[in-house]
Amino acid sequence: MARSLYNTDLYREKLESVSADVLRNVRINKGFLVWMGILTISLAACLYAYTIQLQKGLGVTGLRDATSWGMYIATFVFFVATSLIGMLISSVLGLSGTKWIKPITRIAEIIAVAFAAVAGLVIISDMGRPDRFPYLFLYGRIQSPILWDVTVVTTYLFVSLMLWFIPLIPDLAISKSRLEGRPGFLIKIYEILSVKWVNHDRQFQIMHQAMRILLILIVPLAFAIHTVTSWLFAVTPRAGWDSTIFGPYFISGAFVSGTAAVIIAMYFFRENYKLQKYLTDFHFEKIGRVLALVSIIYIYFNINEFIVPGYKLKTHEAIHLKELFTGHYAWLFWGVQLAGLVIPVALLLIKRMRKPLPLLLISIVVFAASWFKRYLIVVPVQGHPYLPIQNVPVEWMVYKPTIIETSVTMASMILVLMIITILSKLFPVVPIWEIAEEEATVNEEIEHK
Amino acid sequence: MRSIILILTFLHLVFQSIQGQEWKVPDDKKGRLSTFAFDDNTRMAGQKLYTLNCMSCHGTPGKSNYLNLVPAPGDPATEKIQRNNDGEIFYKISVGRGQMPSFRSVLTSDEVWNIISYLRSFNKLYRQQVKSVISSTAYPGSTINMFIEHISSDTSIVVTAYAEKESSRVPVTEAGIKLYVHRTFGHQVVDEEKVTDKSGRAVFRIPEKMHGDSDGNILVSARFSDEDVFGTSSKDTVLAAGIKTIPVSLVAERAMWNNVRKAPIWILLTYCLGVIVALSFIVLVMVKIRDIYIVGKYLENKASEN
Amino acid sequence: MSEEINKPGSDDQEIDETLESSRRDFLKKVGLVGAASVAGAAAVYSGYRFEKNKNKGDTVKVLTEDNRLVEVSKEEINDIKYQVKSFQTKGRDGIKGKKWVMVIDLSKCRNARKCVNACQSAHHLRPYEYHINTLVMQESVNTPKYFMPKPCQHCDNPPCVSVCPVDATYKRQDGIVLIDNERCIGCRFCMAACPYSARMFHWQEPMNAEEDKNKPYNVELNVPQKKGTISKCLFSADRVRENALPYCVSACPNGVFYFGDENEDSVTNGTTKETVSFSELLEKNGAYRLMAELGTKPRVYYLPPKNRIFDFTEGEKPEYKETT
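Chains as they are written, first to last, in our numbering: chain Z, 466 to 914; chain H, 77 to 382; chain C, 15 to 338.
Hints were generated in silico from the structure; no laboratory data involved. The C-beta atom is built at its ideal place from N, Cα and C for all residues, glycine as well. Heads up, a few of these hints could be off.
To be verified - DSS-like mimics (lysine-lysine), calculated; alpha carbons at most 30 Å apart, straight line:
| # | chain 1 | residue 1 | chain 2 | residue 2 |
| --- | --- | --- | --- | --- |
| 1 | H | K338 | H | K373 |
| 2 | Z | K787 | C | K159 |
| 3 | Z | K641 | H | K373 |
| 4 | H | K285 | H | K156 |
Unchecked claim - According to the in silico footprint, chain H covers these stretches of chain C (three or more CB under 8 Å from chain H):
| # | stretch |
| --- | --- |
| 5 | 224-235 |
| 6 | 289-300 |
Given only the sequences and the hints, what does the whole structure look like? Please build it.
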């Protein structure tokens, strides 16, 4: 049996230094409490808006019979999309043996967990009768894409949580003895969650097996979750949604918003947690390339989605496209397509733009544009049904989101931030053992030479 | 275009004149009487018919909740309507006026009488007069009868009308007869009006598409066009003259839109299989986590023993 | 401590044995718990069945609403809830042997909107909440405008029913597509899926919410309406059950609507009460169905606006104001 890396002194030494750097941030300090306090207060304010909606009905939103899906559904699609990044980074890149993703896998999984978890709640905020949510399980119709969505989102959430948790086990074991001065409950949680990890080879072997199963399982799951979400639209006979490429169109778009989210998070942790040593310019350079690549793929799908119906101009498709290209939504549409997609790609091809700060700025624009892109997918189509909207009050003709609706949407975004904060502040945000392993291997190879 | 305007103006004038006018019933129609005595059964049958055909405009009798139309439909329990005699009400229901439709092709005379019987139950002063013998001015003193049969060889229905007086039987000749088939919401005319020949027969051609029930049965009734001359005589007869129509439930097939029990098999299989596969992988991973724990515990125990 | 334990691979075999035995124990436990829960469930269920069957023999005489004396078994008497339940069973099942169809003759419609009003008053809707709406239609610049009453098309391949996640909207054997607002979760997927925009949602408290509060819910009338649920045209399922024409059909002053049973091949005009052959009516007037290319197979047929009785005048457009 080959000499195990996990028993070398070199590995222990590396473990020591990495854990010191990383665990420095794992604590409940004033900043954390203030930040959480702000989030909680704003969440409470936004949830008050939701209680108004519960009391008076969905009429307090801008939604009406013509446009019956609006901001909530757009946000739902956006959240599901963003959560796909967990699969792209850990699985697609991880299984192909890409080494540089190691320090960011956990960030990707945290984003996946946070967005997937809140996506489910966003759907509930869109329901007219949230009290009847259990009916989905009592009377579920297997033919409905909503049922597939519920099934697959919960499964994806759970598997993402596992993908975050399993590689965390060794870190928890390493950390629990090094957490003096932290609150007792945190140490207790570490103790329980570390499931008697003793750094034994056998345990590493079992863990790698479990990870391999999950990494393979997450690929079809992630494709399913977002394809099914796209089918919420594509299975309806509405011009503008009735498209066969909606599945890949959504998935390629998902990678764009997800990668942007990871870059924003990476930059934030690097600066705030002083992790410049582990999240280096090299990592930004690499993920910048990934963002360029996925954006180019998304542009390709956009071309397909607009050129094909634009060439034929079938009656209702034409109305829809006109509305986007030159009509009511033209500003937003071209803003999203150009500023949120084409220009970022052009910039990302320049090496200087893949440095942390410029990349962050590009990512923020791309990320915001991604939300508006979902809004453009969901809302304009409904403004022009096959039969005219007539004999209704003026407010029923055009959809205008209200403050209450915006507040409830904000609540979901705040919740995402809270989950990310808790997962990244109370647990190591980069995998200690993996980095130690990586560094030890590199050092060993140098020695051998 | 101009003619339409003219017609409209004309209609408008007619309509206006109707509004102000008393609804006059021709004198010869006023005296018509029911051929049967009103009782609880006729009243109940009448109530059902009233609910289906009249209530949407006239409301519930006695409650004055009729529709707000011009001219006002009126509450049948009030004096305004009850002061009409039986013949007048019969005429008004049959012929109609303005927005009140003609119920001649919807209701048989017996059904109209049933409704009148129901309406009269709101009038305590009413005493019914019964015309005991179905008679006609053409065959005075006789009872008119009809016999309907289906001739399957030449897809026709033959109605034979005859007048009976004591023991003599005379065919009713040159009488216009209409044949109706009973449908859910009314009576549908079969072929067109026919006039009886010398032997009192009227031959009706069955149209190509005459849907019957699952045995091909249809319920038909024949009526004289001129009931004043030949009396009211209708006869309901079941004939096996229709196409056998076996009703098929619209939810019998397996389809995407049907309920879960009737979902397409492939989707049930795909869904269940997907869920089972994913769940079993997840269970496997959970077992692995447990294994990590077991190994750790074993090693810990061993270390403490040493 | 961890350093002490962490000796390379010597005790592999022992670990294997430990894992093996613990897994065996675990499976045994799972088996035991499983068996116990199955037994428990069976016991509870049989107890429930016994309770349910206990009173089966006893019957009571009851006076029904239409003054008939009937005998009912005791267990079925459950105050008003029973009524809701019977409404539900009837309403889900539909009427056997029927296939309802509607024919709308566009040449006769002059936008009197009596159908809309009758429908709204029957189903307790506001003036701008529609089960049936009359639309001004114009196919292209050179084709004339015409009025088109648009109820739910009660499709035989209903996209709205396909997507419902909880079986709240469903198709019955007689072809009617209904919505059960005791089941509806308000996701509005059906609205997104309906190409005819036939569905409406209760964005606020329904109009007669206060008065209707204690009425038993009739799924065939969809009254009381409920906030946060879908409502839609029901082909007046409650009326056709009593062999009466739907509210809109009998309210029309211009003879636009025909309604009937496809199995009988007959439809009856709501205004003239004339009953005609369904197939003949379609054949002679060049009937069509709305957006047939979508494959939804509507049960509503339209006769084209040819040889119109009335000139097209849009007239004054009423203003609709949202009320709360």
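For each hint, the structure was consulted:
1. Only pairs whose Cα atoms come within 30 Å are accepted, and H:K338 paired with H:K373 is rejected, the gap being roughly 51 Å.
2. Proximity of Z:K787 to C:K159 is assessed by CA-CA distance (about 24 Å); at most 30 Å being required, the pair is judged to hold.
3. The straight-line distance between the Cα atoms of Z:K641 and H:K373 is roughly 17 Å, inside the 30 Å bound, and the hint therefore holds.
4. For a cut-off of 30 Å, the pair hint linking H:K285 to H:K156 is broken: about 46 Å separates their Cα positions.
5. Under the rule that three or more residues need a Cβ within less than 8 Å of chain H, the assignment of the stretch 224-235 of chain C is violated, with 0 such residues.
6. Chain H is given as covering the stretch 289-300 of chain C, and this holds because 5 residues of the stretch bring a CB closer than 8 Å to a CB of that chain, at least three being needed.
Hint check: violations occur at hints 1, 4 and 5; the rest are consistent with the structure.
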